[in-house]
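Colleague: When you get a sec, could you build the whole thing from the sequences and use the hints?
So the sequence shown is residues 1 to 207, counted in our numbering.
Calculated directly from the structure, the hints in this document are not laboratory data.
Glycine is no exception: its CB is placed at the ideal position from the N, C-alpha and C atoms.
Just so you know, not all the hints are guaranteed correct.
Pairs of lysine-lysine, DSS-like flavour, derived with a Cα cap of 30 Å [claimed, not checked]:
id: 1; residue 1: 74; residue 2: 43
id: 2; residue 1: 60; residue 2: 74
id: 3; residue 1: 147; residue 2: 159
id: 4; residue 1: 86; residue 2: 60
id: 5; residue 1: 86; residue 2: 74
id: 6; residue 1: 183; residue 2: 159
id: 7; residue 1: 159; residue 2: 98
id: 8; residue 1: 86; residue 2: 98
id: 9; residue 1: 182; residue 2: 159
id: 10; residue 1: 115; residue 2: 182
id: 11; residue 1: 74; residue 2: 98
id: 12; residue 1: 86; residue 2: 43
id: 13; residue 1: 77; residue 2: 60
id: 14; residue 1: 77; residue 2: 43
id: 15; residue 1: 183; residue 2: 115
id: 16; residue 1: 159; residue 2: 115
id: 17; residue 1: 86; residue 2: 115
id: 18; residue 1: 147; residue 2: 115
id: 19; residue 1: 43; residue 2: 60
If you anchor each label on the Cβ, the simulated ranges turn out as follows [said to hold, decoys possible]:
id: 20; residue 1: 206; residue 2: 46; range: 47 to 55 Å
id: 21; residue 1: 58; residue 2: 196; range: 28 to 36 Å
id: 22; residue 1: 61; residue 2: 94; range: 30 to 38 Å
id: 23; residue 1: 180; residue 2: 97; range: 38 to 46 Å
id: 24; residue 1: 100; residue 2: 146; range: 26 to 34 Å
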Amino acid sequence: MPDNDYQGSEGSETSSEYDTASSSSTRWYSASRGFLCYRESFKSNEVEFFNGITYWIGLKNEFSELSRDWFFIKVDKNETLEEAHKRYTNESIAISHKSYDLIDMRKTEELWISKASTGSIIWAEPYEGNARQYDVNEFYPSVLLQKGVQWPIGPGEFKTITSFNNNLQYGIYRVHIEGLPKKSLAQCSQLFRYNQEEYYTHYDIRI
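Modeller: As structure tokens, this is what we get:
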């Protein structure tokens, strides 16, 4: 059961030869997504793209859809898209080595984080009659006030453990939990949501 204590990263203002394109129509995500180099045409609506393997010509309105999977690197006319992608990748590797893996601009923990994101608990039973509806407001501030709450303060570390107690470390665990239903069946009980990929946060397991 690998344990991945992951850390969100805050951006900092540094000088760079790359423009990450602050287009208001584009939804930007973290650099843990793949690099997609591009160059816009000033005479048309076309955009050149290169993802490290494939080169293609698309349209400017495709940025929003592509932003789900890619981090955009705007390339100037002084180098090709292929050259820019290779240089950016090499610089990312160098930064990772120089920082002893504390800074890794390539894909690292995004897979574990995305697979552990299953959504909220949804449960219901047949009922006829009067009912009341409740909603939890300001839940996040209440979590901040809880004693013993944990937050990531360092880079993720993968390791295998054979047993654990109730004092689980902050992280994501790949663990089998008995009672996993078939995909065609309801995934939620009243107090727990199963994950078919079997990636759970330490909060999930404590339940």
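Colleague: For every hint, state whether the structure bears it out.
Modeller: Here is what the structure says about each hint:
no. : hint                  : in the structure
1   : 74 - 43               : 17 Å, holds
2   : 60 - 74               : 13 Å, holds
3   : 147 - 159             : 27 Å, holds
4   : 86 - 60               : 23 Å, holds
5   : 86 - 74               : 14 Å, holds
6   : 183 - 159             : 28 Å, holds
7   : 159 - 98              : 23 Å, holds
8   : 86 - 98               : 18 Å, holds
9   : 182 - 159             : 28 Å, holds
10  : 115 - 182             : 17 Å, holds
11  : 74 - 98               : 25 Å, holds
12  : 86 - 43               : 27 Å, holds
13  : 77 - 60               : 18 Å, holds
14  : 77 - 43               : 14 Å, holds
15  : 183 - 115             : 15 Å, holds
16  : 159 - 115             : 18 Å, holds
17  : 86 - 115              : 29 Å, holds
18  : 147 - 115             : 27 Å, holds
19  : 43 - 60               : 12 Å, holds
20  : 206 - 46: 47 to 55 Å  : 52 Å, holds
21  : 58 - 196: 28 to 36 Å  : 33 Å, holds
22  : 61 - 94: 30 to 38 Å   : 35 Å, holds
23  : 180 - 97: 38 to 46 Å  : 40 Å, holds
24  : 100 - 146: 26 to 34 Å : 33 Å, holds
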